[in-house]
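Student: For reference, the chains in residue letters:
Protein chains: 2
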Amino acid sequence: MRFSYIDLIGYMAAFGTTISFLPQAIKTIRTKDTSGISLYMYALFTIGTILWLTYGILSGSWPVTVANAVTTVFASVILVYKIRYK
Amino acid sequence: MRFSYIDLIGYMAAFGTTISFLPQAIKTIRTKDTSGISLYMYALFTIGTILWLTYGILSGSWPVTVANAVTTVFASVILVYKIRYK
Chain A
-16 MRFSYIDLIG
-6 YMAAFGTTIS
4 FLPQAIKTIR
14 TKDTSGISLY
24 MYALFTIGTI
34 LWLTYGILSG
44 SWPVTVANAV
54 TTVFASVILV
64 YKIRYK
Chain B
-16 MRFSYIDLIG
-6 YMAAFGTTIS
4 FLPQAIKTIR
14 TKDTSGISLY
24 MYALFTIGTI
34 LWLTYGILSG
44 SWPVTVANAV
54 TTVFASVILV
64 YKIRYK
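Chains A and B, in that order, are what the protein sequence lines are.
Quick note: the first sequence, position 24, residue 7 per our numbering, numbers continuous.
Quick note: the second sequence, position 27, residue 10 per our numbering, numbers continuous.
Extracted from the complex, chain A is given alone in its bound form (with noise of 0.2 Å):
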């Protein structure tokens, strides 16, 4: 009972992390307006996701790979307009 709980908080917060990436991602590609955007922090996130959807798949952890599998994507779509339109 206390575990699910706990595990039900985690569901949450993994959701509220992967689907953040989403209102940022639509809004940069509608307003091309990447000024204030961080290169560098754009540039080490998708390496981040990359390593995190690796750690997934390589402790068979589907939360972990999902999660990130679909940040991977969003964050790849904000770098390339970062750089893109800079």
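There could be a bad hint or two in this list.
When chains are identical, the list treats them as one kind, so a pair holds in a single copy or across two.
[To be verified] The calculated lysine-lysine pairs, modelled on DSS-like cross-linking and capped at a C-alpha distance of 30 Å, are:
#1 K10 x K69
#2 K69 x K15
#3 K65 x K10
#4 K15 x K65
Keep in mind that the hints were calculated from the coordinates and are not lab data.
Since the structure is predicted, the reported quantities are computational estimates derived from the model, not experimental observations.
Mind docking chain B on chain A? Use the hints.
Tutor: Same frame as chain A, but now just chain B:
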């Protein structure tokens, strides 16, 4: 041996995604340029990292706790600047 190799990838991933918000926070504080930054992203992301922090404390995971305590600070600073200088 195999486990420490996977764990190393996990620690590198945690370090990368955590530290990535530092250059964004520095850029935002210096330039106050938040026009391209999504309010919804940082509102959702900050809630997400607070949930991760709660999950880390309740599940007794120090890496999750420490990484998300740091990320919550960086994300909160960016969120406050976005609200103040939008």
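Student: Are any of the numbered hints broken by this structure? If so, which, sorted upward?
Tutor: No hint contradicted; all consistent.
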